[in-house]
Structures are given as C-alpha cells and as structure tokens.
Amino acid sequence: MRFSFLPQEHNFFDLFEKQAGCAVDAATHFKEVVSKNNLEDEASLKKMHDIEHQGDDVTHEILSRLNKTFITPFDREDIHTLAKELDDVIDMIYTITNRLRVYKISGPDQNLLKFATIIEESVRAVACAVKGLRNLKNAKSIGETCVEINRLENVGDSMRDSMFAELFAKEKDAIAIIKWKEIYQDAETVLDICEDVAHIVQSILVKQA
Amino acid sequence: MRFSFLPQEHNFFDLFEKQAGCAVDAATHFKEVVSKNNLEDEASLKKMHDIEHQGDDVTHEILSRLNKTFITPFDREDIHTLAKELDDVIDMIYTITNRLRVYKISGPDQNLLKFATIIEESVRAVACAVKGLRNLKNAKSIGETCVEINRLENVGDSMRDSMFAELFAKEKDAIAIIKWKEIYQDAETVLDICEDVAHIVQSILVKQA
Amino acid sequence: MRFSFLPQEHNFFDLFEKQAGCAVDAATHFKEVVSKNNLEDEASLKKMHDIEHQGDDVTHEILSRLNKTFITPFDREDIHTLAKELDDVIDMIYTITNRLRVYKISGPDQNLLKFATIIEESVRAVACAVKGLRNLKNAKSIGETCVEINRLENVGDSMRDSMFAELFAKEKDAIAIIKWKEIYQDAETVLDICEDVAHIVQSILVKQA
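Residue numbers (the numbering used here), protein chains in the order written: chain A, 1 to 209; chain B, 1 to 209; chain C, 1 to 209.
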C-alpha cells in the first residue's frame, strides 16, 4: 500500500462535491418518478439504480482514501460521517423508489409529490453547503443554507404529521395504510438525514474558524 | 470566533444537569398527559412542545460550546454522545405525545400508563447519574443507579412483549394494531435510550477512575 | 482500578473470536428453530436466550477491558464499533426468535427458512473474517470473505423485496402482513449488520497495512 504525504484537500473536496452531485441527481430524478409513477417505466427505475451505484462508488472512494491518507482537510471522523450521511441520503431516496414498485403503487400521489419537491430543495441546499466547505470565506452563507435545511426538515415533520392524520382519518384499508405510512415516513427521513448533513457541515466550519 | 482556554468543566456539568432536568420534565409531563389523554387539551401538548424546545436549546449550547472549547472535563466524543442521547430521550417522549394526537387516540390506556410510570422512573435515575458525574466520589452510587436503569430497560422489554402478545391476540382491527404497536414500541425505545445514557455515563466513570 | 501497561492483543483477539462464536451459535440455532418453529418448544427458546446472554457477557468484557487498557491491537474506536456490531448481530437474531413466539407464529415458513440459511452463511463468514484479524498475512483472504458478506447482503435485499411483493400481492389479512413484514425486514437487517462488520474489519486491515 502506498501512503500519500501530501494534503489531499483538493481530492476530498472534489469527491464530496461529486457525492453531493449524485444526491442532487437522485432527488431530481425522484421528483420525476413520483410525478409520473408509472409502474411500466423500467427505464426510470434503472436510472435511479445507476445513480445509487455511482453514489456508492464515490462513498467507497472517499472512505478508502481516508484510510490511506495522513493529512486531511478536516477531522477524519467528520470526513467519515459526512461521506456516510451523503450516502444515506441517496440510499433512502433509492429505497422509496424501489418500495413504490414492490408495493405496486401506480399513479402520482399529491402528498408524495409535495415531499419530492421539498426533498429536492433540501438536497440542493445540502450540495450548496458541501460545495462551500472548500473556502472558509463562505462560512456565513453556508450557515444560512444550513438554517434553510433545518427549516425544510421542520416543514417535512409537519407535512408527515398531517398526512398521517389524513391517512388514518380517511383510509379504511389497513394494507394501504401500511404502505403509505412507510413511504411518507421514509420521505421525511430523507429530510432528517439532510439535517444531519447540515449539522456536520456546521460543526466542521466551527472547528476551522 | 473566541476560544476559551479555561477548563469549561463547571459549564458542561451545569448544562448536562439542565438537559437531564428537561428530560425529567418531559417524562413527568408525559405521565400526566397519558393519564388523562384528552385530545381537546391543547395546553398539555403545547407544554410538551415547549419542553422539547428547551431541551433543543441546551443540546445546541453543549455542542456549540464543545466545538469552541479546547479542554473538556471528559472525552470530547463522550460529551457529544451524552448530549445527543439526552436529547434523544426528550425527542422520543415528544414524538409519542404528538403521535397520540395524530392518531386521534383519546382516553387513558392502562398499558401506556404503565410505560409512562417506568419511563419517569428511568429518566429520574438518568438525571441522578448525570448529576453524579461532577464528583468521582459518587462512582459507586452512580454505578448502582446505572444498574437500576438497565433493570428498568429489561422490565420494559418484557412489558412490550406481553403488550404485543395481548394486542395481536385480542385486537381484531388491524388499524388499531398499527397505531398501538408503534406507540408501545416507541415507549420501550425511551427506556433503550436511557440505557444508552447509562452506558456512556459508566464508560466516562471508568476512564476517569 | 488497575491499568495494564502490556498490549492486550492476545486477549482482544480471543474475546472477538468468542463473541463471533456466539453469533455463529445464534445463527445455527436460529436455522433449527425456524425449520421446526414449534411454539411448544420452550427449550429452543431458552437456548437462544442463553446464547444471547453469553454474547452480552463477552461484549461487556471487551468494552470494559477497552476502558482499562492503554495499548490496543487496533484503533480503540474500531474495537468499540466491532464489539457493538457483533453484539447487534446476536441481539437481532434473538429479537426475531422472540417475535415468532410473541406473534404466535407456528410451523415453518419457507421464506424465513431461506433467510435463516443465508444468515448462517453470512455469520460464519463474519466469524472467519474476525478470526483472520489476528494475522495481517490473512489480509487477502479476509478481503475475499468480506466481498462474500457484501454479496450475501445484496442477495438478502432482493429476497426481502420479492417476499414483500409476494406478501402484499397474495396476503389479504392485514394483521398477517404486519407480522411477516416485520420478521422478513428484521431478517434482512441481520445481513445488513453483518455487512457493517465486514466494513469495519476491512477498515481495520487497511489502516494496519
């Protein structure tokens, strides 16, 4: 094994930007899938699968480089956490897409579309915050972006609560409740993970200030 | 940003005591809410929300001070974990309270009341263990408190198992099963998180001995 | 408290092998339980409980030794994570076994038996990888074992998806869906945790290379 003695800052920042880019691809594609939600559309599902694979490759590249590098642009532990959480964002979006097919849910659902819209907003904000890490001069604007990510998570919480209330009040088919409860919950979890990313980004900034 | 070069022991201990106090407030109020469980009682729900917000503020204060402090009374990682887990206790109690309203569950449930009683016991023991951290002379009594927290978690496990068995044996309405299964499970999770707090407290003690 | 100044390599490796042995016992016994799944067979359930207790004891021994030892054969954090994850494997197998009894599920289920078979394969591979940690010369074969554990996790993912699809397509009883959905999901989670163990083992190897 070869160890690099040079700072790998450039590489880590590039890789995180690439990983955040995969998350944006996943979120954008998710909104498309959800707005049609055509069970016959195998190409759409395959595309999401490909994005998830690309994300896995970048995550693996970051973690493997971390294990081989002595000098890192910020805390090793934080690099590890950030890489895992960005990977979790992509995985969770893939999981929901796959679950729609497993549960044979067809046709768009207005509630899920609302979630897909907020998820795309939040993931774009996450990509913006991650990109900003390259330069400490961005601290103020990153901070504002993180506040926005937290706000979107709160919006998601309320949305999930009212969707659950509506679901349990109106839907009489317990099997449909099982399916939708899980899908709305997973959608809200994407926003939770985005908030986790915002926390780690803020913590990296504070330590470097 | 200003860094403090003075040990922040005093502050961290104060903050942890304050955070554990919020957890006790949440657990005490939870028992009250559950013993009435009146859906019209908006004031009760608002009070729980306020407690959760206070808890968030203290958690944020601990984590932000941690990022700015060089010398800490115990491992940085342990401070972070302890703060997150105490926050999780409060969040989970809030989640259950909120879920009762979302699911429009009214009237007291004897099983949930049993859980609320054990949760209050366990959270009070957690607060006692956390308070003890100020002084290593308390090691023995803290150890005993942690054993008690572990015992209550085991009690909770058995309670959840028998409540599940009863629920699936007697309740024929699948939608009611979905609701109660989640609520009992979340109640048991509060005790799991209390046990996690006991583990981290014990690990802090051992390292300082 | 007494601190040891001697490397505890021997002890940690022994303990991890013992803990992985408990996981193999749990997985092997799980396949037996699942192939009969006789609710009257209290002895089988008690045996699983005993295995879980032995696992707890070894986990506790590792964590407590870790807190008292200055020099460790690999990263403290990695020792902690590995011990917790091996413990999680055993706990999750115990949870499923217990849930079968709580839900009064009797008679073998071919799907669950398929999972039990893959779980046993994966846990045996985990034990093999953990055992290999003693000697860096094993790096290549451990790497191959970890690839196999990842492959089994992927197999488990697909299995769960097709079992869910089948369950929601054929089963009309929502209460049965609630039970089996949880059991298949938990079975797949065992394979997820095995994959987490493979990741930590690989990360330990890379750092020592």
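Derived from the structure by calculation, the hints contain no laboratory data. One or more hints might be untrue.
All copies of an identical chain are treated as equivalent in the list; a pair is satisfied when it fits inside any one copy or across any two copies.
[As the list claims (entries may be wrong)] Dumping the calculated BS3-like pairs for lysine-lysine here, alpha-carbon to alpha-carbon at most 27 Å:
hint	residue 1	residue 2
1	68	140
2	68	18
3	18	172
4	46	170
5	207	68
6	207	181
7	137	179
8	31	84
9	68	131
We went through each hint and held it up to the structure:
1. 68 with 140: between (32 Å within a copy, 17 Å between copies)
2. 68 with 18: Within one copy only: 20 Å inside, 30 Å across.
3. 18 with 172: neither (44 Å within a copy, 45 Å between copies)
4. 46 with 170: between (34 Å within a copy, 26 Å between copies)
5. 207 with 68: both (23 Å within a copy, 7 Å between copies)
6. 207 with 181: neither (39 Å within a copy, 42 Å between copies)
7. 137 with 179: Cα proximity of residue 137 and residue 179: none, with 46 Å in one copy and 49 Å across.
8. 31 with 84: The answer is within: 23 Å in one copy meets 27 Å, while 33 Å across copies does not.
9. 68 with 131: Both ways: residue 68 and residue 131 sit 23 Å apart in one copy and 23 Å across, limit 27 Å.
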